[in-house]
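Chemist: Quick note, the sequences are listed as chains A and B, same order. Residues in the first sequence are numbered from 1 upward in steps of one, following my numbering. Residues in the second sequence are numbered from 1 upward in steps of one, following my numbering.
In short, the hints are calculated from the structure, not lab data. For glycine and all other residues, C-beta sits at the position ideal for the given N, C-alpha and C. Watch out, some of these pointers could steer you wrong.
As the list claims (entries may be wrong) - What the simulated footprint calls covered on chain A by chain B, stretch by stretch (three residues with Cβ under 8 Å from a Cβ of chain B suffice, anywhere in the stretch; the number is not a length):
1) 17-31
2) 174-181
Said to hold, decoys possible - Which chain A residues stay away from chain B? Per the calculated CB distances, all over 10 Å, these:
3) Cys73
4) Asp86
5) Gly111
There are 2 protein chains.
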Amino acid sequence: MLILASTSARRREMFARLGLDFQALDAGVDEHVDTFASPADYVLTLAKRKAAAVIGRFSPADLVVAADTVVSCDGVIFGKPRDAADAHAMLAKLSGRGHEVLTAFAIGHGGALFAEAVTTEVFFRPLSAEEIDGYIRREAPFDKAGGYGIQESAGFFVSRISGSFDNVVGLPLAQLELALRRVFGLSLLDYQKKA
Amino acid sequence: MLILASTSARRREMFARLGLDFQALDAGVDEHVDTFASPADYVLTLAKRKAAAVIGRFSPADLVVAADTVVSCDGVIFGKPRDAADAHAMLAKLSGRGHEVLTAFAIGHGGALFAEAVTTEVFFRPLSAEEIDGYIRREAPFDKAGGYGIQESAGFFVSRISGSFDNVVGLPLAQLELALRRVFGLSLLDYQKKA
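Chain A with its partners taken away, still in its complex shape:
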């Protein structure tokens, strides 16, 4: 059985799009991290915490995948915005420059836990205050790290990226697949629904 320990609709859609047969659930962990050495350390801590929280509910033969995503800009981690003013401040800060999006995924299987962090550079074209406000009104991006969702109309803000696109959406599928093969001898495709 494949378990996705995530409340993110985007991550669930990514698994569904691949035709995977999986169970999604909320890991229900405290998402506060007291101290961390780097943004990568931060997302690795949370992804591992989420996987560890659910792994005991399943058989070691099952495959548990958890993930955490943040936006990092000038060493500051942007989580989910509190309100429209906070989202506006985040997007204004990201306007006309590059930032990093980090996702860590954690894989639990056979009593072992493996985690990896993937970084993508994202560059925004210059944004006007009006278009930021229009975007926040239209999309209400309060459940998204950094206040934007690259897979919806905020893609319009992005002039280019360097790295995995899926990683910005919330789960770097190709890297997850390669880790599954390398570390566990498994493939996501083993969990595709039978035709």
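Given chain A, work out where chain B should sit, using these hints.
Modeler: Structure of chain B alone, referenced to chain A:
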């Protein structure tokens, strides 16, 4: 009025996602290009041909946008695959390496025609013959240059990109917006539906 001279469902979805009020139509041009200096020259020729074919049907005050997208690998242009075997050959060729996706957009407005080509590098992880076949069965990518659509489950093949993601989908929205502003003093946001 904003006119999108394209039959591509992906391009229409991109405009719709931005909340634009636009009319989409088929430029209905011959897509054969006899000679071309480069892949960029090829897509520029077709994008301009598509815009030129429809521009006379509208007022010069209207804004016409056309585009063409190809995959280029080792100097060979991959268009839409003829059949499953052709799609398989294209994807096998792209496996485990990088290739380029080029989109040219052409803008017609006020009697002028402006065109620009944008290139994105896309890297595929190694693919097995079985997963290529499964993908072709599931997605039937016969209307997509290179035999894949990055916005659906072929995203699973892509380990990273360098450049615009929208460009790979079929229309580099940020670059289109910047060209509209720079060349014509216009913005796509001028064509958003009134709330």
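Chemist: Next step is simple, just say for each hint if it's right about the structure.
Modeler: Going through the hints against the structure:
{"no.": "1", "hint": "17-31", "verdict": "holds (count 3)"}
{"no.": "2", "hint": "174-181", "verdict": "holds (count 4)"}
{"no.": "3", "hint": "Cys73", "verdict": "holds, 18 Å"}
{"no.": "4", "hint": "Asp86", "verdict": "holds, 23 Å"}
{"no.": "5", "hint": "Gly111", "verdict": "holds, 27 Å"}
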